[in-house]
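Once you've looked at the hints, dock chain B with the ligands against the given chain A.
Here's the letter readout for the chains.
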Amino acid sequence: MSKIRMILNWGASCGGCDVSILDVGRPVLDLPNDAEILYWPVALDFKRRDLETLADGSVDIGIINGAVRTSEQEEEAKIFRAKCKSVVAYGSCACFGGIPGLANQFVREDVMARAYREAPSNVNEEGAVPLTESKMKGYSLLLPEFSEEVRPLEDIIKVDRFVPGCPPSTETIIEFIGSLGPIARGEAGKRIFASDRSLCYDCPREKNKAAKRVEKLYRPHEIIAGSDRCLLDQGIVCLGFATRGGCGARCIGVNMPCRGCYGRLPSMVDPGAEAISALASIAGDWEDNMPPAKIFDVLDAVKDAVGTFYSFSLPSAIINRKRG
Amino acid sequence: MTRKISILPNTRLEGHGKVEIILDDDGNVIDGFFQVIEFRGFEKFCEGRHVEELPRITPKICGVCPGAHHTASAKACDAVFNADPPDTAKKLREMYYNAHMAHSHILHFFALGAPDFVLLKEDAAKRNIFGLVAAVGRDIGTAVVDNRGHAQRIQEIIGGHPIYPVSSLPGGLSKPLGEAEREEIEKNAVSLIVFSRQSLEIFENLVLKNRELVELIASDLYRHETNYAGMIDGEGKVNFYDGRIRVVGPDGGEVCSFEGADYLEHIAEHVEPWSYLKVPYLKNVGWKGYIDGPESGVYRVNSLARLNVADGMATPLAQKAYEEIFKFFGGKPVHNTLAYHWARLVELMYASERILELARDPRITDADVRNIPSGKPSEGVGVVEAPRGTLYHHYVTDRKGIVQKANLIVATVQNNAAINMSVKKAAKGLIRNGMVDDKLLNMVEMAVRAYDPCLACASHTLPGGASFEINIYRSGKLYKRLP
Ligand code: SF4
Ligand code: SF4
Ligand code: SF4
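The listed protein sequences derive, respectively, from chains A and B. Quick note on the numbering used here: the first sequence kicks off at 1 and runs consecutively. Quick note on the numbering used here: the second sequence kicks off at 1 and runs consecutively.
Okay, chain A solo, but in the shape it has when bound (with noise of 0.2 Å):
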């Protein structure tokens, strides 16, 4: 059988997925046998012009991490779309934005002010911010443009597959890996590397939430959590109910609550809010007629709504739209 023809990629990212795919170890090392990778920037040799002279739709799978926030990262983008039969987003950057897509709460020009102008360590007097050239004798320097905003990949192209999580757990990365040839083949099978129930349904506590009542929540550093009772039980804010299962519940076993990396629900149209008005219905003692006042007391743990509950996602969330 012929091997996979296959590219990869990086867009804004912190190199994490990356180092996921490292983690997994043995299957990594045996990826040539099956495969033939033709562009992989941060393992191979190969060069943009090499990219760039694959005939168009000649490979079968293009994976990309990272969010898009540059003009050349969007260029290779569609690059790769032209070249792949399959386009894959490979963890939570790709897939919706992910952390670095907080920054859309925030206008391009304040988030350079505050690296550049306001700093407190800067000694900054004339105000200088880096720029897309700068002429110096004879020649000058170029930098990418920083971009408005910060885009999921779906955005920019046509996505086939979608392999969430900040970065994807190893077990994600082995049942991925495993797909690889039916994908190639074009044979149909999972779009979304994850579950489509809720991460509670793998979680190991006691499960005793539905239904229940939260009295009072908690900041995760006001309380100390107990280790076998659902942590949204305890007070504590975990998107573990809407937000997709497959990582394993990895913060969980520490008891750290769930911040949503695997992406909302398939039902969910927006994780974020469904979260707050679930959470809103749930907490309090819940006598019949309870005063708002006292609702709002109970929400008194979520002062940031945008960094608990869109922490992963806010580029691709219904908030983060531009209207019209």
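Heads up, none of these hints are tricks.
Below, in silico cross-link-like pairs of lysine to aspartate or glutamate (EDC-like), each with a Cα-Cα straight-line distance of 20 Å or less:
# : chain 1 : residue 1 : chain 2 : residue 2
1 : A       : Lys303    : B       : Glu379
2 : B       : Lys283    : A       : Glu125
3 : B       : Lys237    : B       : Glu254
4 : B       : Lys283    : A       : Glu126
5 : B       : Lys90     : A       : Glu222
Hint data in this document are derived by calculation from the structure and do not stem from the laboratory.
For chain B with the ligands alone, coordinates are given in the frame of chain A:
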């Protein structure tokens, strides 16, 4: 008329850094720049966040040193709430942190650094970890993979995740260590010590016994007399997790020493329009430009800097290795940039020994690992030695613990000035009369690589070697493309 050689990491397309070398008409180097071409703006979007979430958010700055950000952030959170973690929590964090250091150093040395030495003469296609394994034997390759895995596993046990830790909170840790977990860590640490010794032997046999390589390391091409900064414990020994920052001058004499919380009195940053990376320097000296020597405010961080500022290592085998490095160079401080690689292996030994010490500490499995903060949150600084140098996290919050301002000075930034100087010096020494090829440019890149800069993040963890496209421009037009 000038020519510009762009060392573009074209094989790392999104490429976080690039080198520009400017030649005059005769093809000799006028200038050289190391540009960072990426920016994500974490300082800004930390604003408005619950401060206790930052130990989970800031590790996403870098997938290779997430543990450093997690720990610095947790320490900053402790300070924000004025909460002192229980002793066992501090020890567990330190154990976690040394595992983090070990895993990062193993990756950098074997996947990135060593191929430059061991495969110096090889083509770019072979100058990578696979080529290295082919040259030194599969057993060593397996040991590298296994021991990197051991260090990751220790991080996973304590941090909750092999890559992205989540377990540190203001006032301590979210989970104590179980006895079975402790035993596993102890076993892993024993293996890491054996591996550290093996790594030092490999360095000795393959590098120090090779005259040509020794000359290269000692050569003026890769040498700068700068200041150095790093963290030391109460005895003046290297410490990654906690201590004071000591700065020594080019002559090795102490310039100053300070608590991390006072960093603004000692460090300032300068902005260049041609790079997304700022340029820190010693505030008392001032910014004097890209120069070394006693007048300069440029300081260096990372492994060699730490050894240069410290009086020694706190564990026996590491101390022995520390003494050897200075004996070899004939005293302190060592200014040879390529010695950073060797210093990394000395630190790998220390990290491994320290993990074992802590794993055998009778209190390490105590259940009490968190003090719930009672103070009102306000402002705090957290500092650790990241694998690549001192890392500062500084947060200001309102009374509810919502972040108002954040300032981060990451390790690699502090080497920015030095990397620029090193690139220019290596290029000047290597490129003469327009004669340039892939191997020479790789030697320019070696000056960058010694600092293990954290800009291309994961590209440091994977093989690839020097895979540059070289564009030579004449009058702004592409003149020649190599190779
Ligand atoms: S998904 Fe997470 S690990 Fe992957 S690039 Fe984004 S921040 Fe890094
Ligand atoms: S809400 Fe969180 S802790 Fe509770 S069952 Fe779901 S995943 Fe587990
Ligand atoms: S528990 Fe939630 S945040 Fe943690 S790894 Fe799993 S999906 Fe991601």
